[in-house]
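Peer 1: Top line first, the protein sequences correspond to chains A and B.
Be aware that the first sequence starts at -3, since it is given in the numbering used here, and climbs by one per residue.
Be aware that the second sequence starts at -3, since it is given in the numbering used here, and climbs by one per residue.
Treat the hints with caution; some may be incorrect.
Identical copies go unnamed one by one, so any copy, or any two together, can satisfy a pair.
Keeping only pairs whose Cα atoms sit at most 16 Å apart, straight-line, the calculated EDC-like set for lysine to aspartate or glutamate is [unchecked claim]:
#, residue 1, residue 2
1, 102, -1
2, 102, 430
3, 140, 332
4, 67, 231
5, 67, 13
6, 310, 87
7, 401, 196
8, 140, 265
9, 310, 35
10, 310, 148
11, 102, 234
12, 140, 93
13, 140, 382
14, 310, 205
15, 67, 430
Just so you know, the hints here were simulated from the structure itself, not pulled from any lab data.
The lines below spell out each chain.
There are 2 protein chains.
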Amino acid sequence: MTDFQAVDQYLQDHLQESINELSRLVAQPSVSAQNWGLEECAGLVGEMLAQRGFRVEIVPTGGAPVVYAEKAGRGPGTLLFYNHYDVQPAEPLELWDNPPFVPVVKDGVLYGRGVSDDKGHITSRLFAIDALQAVYGELPCTVKFVIEGEEETSSVHLSDFVRANQERLRADACVWEFGGVDFRGVPMQYLGLRGICYVELSVETANQDVHSGLGGSIFPNAAWRLVWALNSLKDADENILIPGFYDDVRQPTPREIELMSELPDASQEYRHRYGVDHFLGGIQGGLELRLAEVYRPTCTICGLTSGYQGPGSKTVLPARASAKVDFRLVPNQSPERVLELLRAHLDAQGFTDVQITNLGGDAPALTDPDDPFVQLVVDASAGVYDQQMQIVPLTGGSGPNYVFKQYLDLPIVTAGVSHPGSQAQAPNANMLLDLYLKGAKHIARILQAFGQG
Amino acid sequence: MTDFQAVDQYLQDHLQESINELSRLVAQPSVSAQNWGLEECAGLVGEMLAQRGFRVEIVPTGGAPVVYAEKAGRGPGTLLFYNHYDVQPAEPLELWDNPPFVPVVKDGVLYGRGVSDDKGHITSRLFAIDALQAVYGELPCTVKFVIEGEEETSSVHLSDFVRANQERLRADACVWEFGGVDFRGVPMQYLGLRGICYVELSVETANQDVHSGLGGSIFPNAAWRLVWALNSLKDADENILIPGFYDDVRQPTPREIELMSELPDASQEYRHRYGVDHFLGGIQGGLELRLAEVYRPTCTICGLTSGYQGPGSKTVLPARASAKVDFRLVPNQSPERVLELLRAHLDAQGFTDVQITNLGGDAPALTDPDDPFVQLVVDASAGVYDQQMQIVPLTGGSGPNYVFKQYLDLPIVTAGVSHPGSQAQAPNANMLLDLYLKGAKHIARILQAFGQG
């Protein structure tokens, strides 16, 4: 019996116990957007870590506390896990088949708010640690956990926490909060996140809406001001018109292009799932679509609001108008720089009346696909999944990985239990028990290999 | 005792009775937007006319019925009154000091939904008829009434009604549903209404909103399509860019400019009431503002809606976006032509994906300020008001006056009981009893002078 066999056997035998623990965690609501149950959930997570012999501290942040935990292991290396115990709001409740905070298993699937995002990731890692400690009596390396409670609300206090705790967080590598398989069932290694700069643009031109018959010819109109200001940001060929916006953009490297070229064509999946009839810039699919999807920085209108929006007509000239706009940033752009450029551009175009409210930003961050730790994680997946893990050098989303990059300077990998139908932020959020077991096996192998390295 | 004295004395003596009748009419809700009480109110209005010896018909239209009434008089001429018995919704109810359908008099002011718009105009005209019939035993001319129940919902069946009843509606002149004094207390003669073309522009680019991290670089965005399409309609210097839009615009005549130049400066009033800090095109006020206000056709965004509009941020790429847009039209533009030009323009600009929904249109219509009937009405006001009635050749609003112009070809004047604080469409709608009495006196003089002409 190899080491893997003993560990795998343990995981197989104790799966139900771990699902029970996960169910207990899911049953504790922890909705950061609604400030609901956060302290309680942090306490519960801390208790679970303490039961495994971790030294645990619940660290106040000004918002939801961070659960910090560490435990020394056999080898000299230190592995850091980043997770979060908060979840998205469960609304709309009527679309759930079962109450969101009453976890239910059906046909090999666990349903409940947060089962995969991110509580299943937390307990699958604890489960792997249980197996290793049961088989070997100790951890193969030092393990640290940072489990925050504000990931679903832009991680507003995380950067301060990591900076203030830079020394005790020191580690050699980090496993990120998410991970899993793609629509083909192939395990994916997501190595980078784009940055984001999210703003609200707003205009106010009068103290009240005015009858359009009176004001239409002579009064400034907030909705028109907003439309013209937005139009100045991007042309219909998708060129972002803010001077300097593209200055810091670096093109994908040959190695990144090589990795992207190994990914499957996503065009049919996107056309089918979202009902789009074409892609921007005349792109048909394949590598071209994969590259455009992540290496092209964006300026996306996420929302527009002004004046009358009900049925039929109302002849009103709006006094107020606003737009939510996000910029997805690629290496080496920064949200601070984009904010500066945006203000300068609007002013230069005569839109001094357009107010910018900064609603949050993340810098882009990448891990080198040829970092030895990445290879370790890919190799560790071999005995777990039927198919070879594929490396995605950059994904379209954003997150606080740059904070760990900036202050701890370590490689960050993904390894997890999600699948594309997890409905992480939607009703009937779910997790496949088979992938949960595989995820735990993978984590155990990563820890073991890391301890030997 | 002159004729005027006897009529005025009657009105003075019977004011309370007329206010009681108006209160009874106000107490009958008749909200066309909510299809509430329309048949009942039509019946009540018909009853009031029948009591005065009018031949009354409640004419079905497919929507709210039209109350049509006529009564022959001494002279050969026929005067037509256009009114409406429907009112705006009373909501928001919590902002009323008294229940909207329980009329209350306080300090010479009658409060209630519809007291001036338009039920006070109806009863003030009946009141004038009472006085004339009491003093002379007959009407000085033939009088006809068209009192519709859909004025607050775009008069959708009025055009068909007038066309179908063209012969029996024949008249020599028409008194419109509204009228009154301006902010200085000067009686105003509004002789024209602009046209309107109200559309909704909408775009759909996918079957659901997409995460902006996924779709931002590659998926079409409905909000951006809408912004670009809107931007193609008008530039930041207020030039409407639809080819042909200005072709049918006629400039104000020297006579119209002369009349507009006699109006008071409105710039301080507008700056103060609406909190606007400037007027479009660098206009400061005076005649320039008066002319721009009505003789410049408009393209007004009345509303914008797309994607996420709540607090904070949501990273979503909207599948749908729409805008409400109204065009105010000057002589000799037409809403049908503007619709055609708009479609052709959007297509030519590549916005075949932008759908246009026609939400209603009115043509502009004018009455010649030198029509003898206008002079008659201005002269008739002399003994009623302290100040000379002023003629406004065109106002900024819109309405169905063109229907009467088109099918009956008659001059249309205004004479009424409103003041700028009437709050016609807002809570605490009100009417000054003093102006009510004056309005009735004016109507009596118009009828008398018309019968003698």
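Peer 1: Now tell me, hint by hint, if it's right for this structure.
Peer 2: Comparing the hints with the structure gives:
With identical chains, the CA atoms of residue 102 and residue -1 are never at most 16 Å apart, being 32 Å at best within one copy and 92 Å at best between copies. Taking the shortest Cα distances, residue 102 and residue 430 sit within 16 Å of each other inside one copy (13 Å), while across copies they are farther apart (76 Å). When the C-alpha separation of residue 140 and residue 332 is checked against a cutoff of 16 Å, the pair qualifies neither within a copy, at 31 Å, nor between copies, at 71 Å. Taking the closest pair of Cα atoms, residue 67 and residue 231 never come within 16 Å of each other, the shortest separation being 54 Å inside a single copy and 64 Å across copies.
Taking identical chains as interchangeable, the C-alpha atoms of residue 67 and residue 13 are never at most 16 Å apart, the minima being 22 Å within one chain and 92 Å between chains. In the homo-oligomer, the alpha carbons of residue 310 and residue 87 lie at most 16 Å apart only across protomers (15 Å), although the nearest pairing inside one protomer, at 31 Å, exceeds that limit. Taking the closest pair of Cα atoms, residue 401 and residue 196 never come within 16 Å of each other, the shortest separation being 28 Å inside a single copy and 48 Å across copies. Proximity of residue 140 to residue 265 under the C-alpha cut-off of 16 Å is found in neither arrangement, the shortest distances being 38 Å within a copy and 68 Å between copies.
When the C-alpha separation of residue 310 and residue 35 is checked against a cutoff of 16 Å, the pair qualifies neither within a copy, at 47 Å, nor between copies, at 25 Å. When the C-alpha separation of residue 310 and residue 148 is checked against a cutoff of 16 Å, the pair qualifies only between copies, where the shortest distance is 10 Å, while the shortest distance within a copy is 38 Å. In this assembly of identical chains, residue 102 and residue 234 lie within 16 Å of each other by CA distance neither inside one copy nor across copies; the values are 45 Å within and 61 Å between. Taking the closest pair of Cα atoms, residue 140 and residue 93 never come within 16 Å of each other, the shortest separation being 37 Å inside a single copy and 64 Å across copies.
With identical chains, the CA atoms of residue 140 and residue 382 are never at most 16 Å apart, being 30 Å at best within one copy and 88 Å at best between copies. For the homomeric pair residue 310 and residue 205, the shortest alpha-carbon distance inside one copy (11 Å) is at most 16 Å, but the shortest distance between copies (27 Å) is not. In this homomeric assembly, residue 67 and residue 430 never come within 16 Å of each other (Cα to Cα): the closest approach is 28 Å inside a single copy and 87 Å across copies.
Hint violations for this structure: numbers 1, 3, 4, 5, 7, 8, 9, 11, 12, 13, 15, all remaining hints satisfied.
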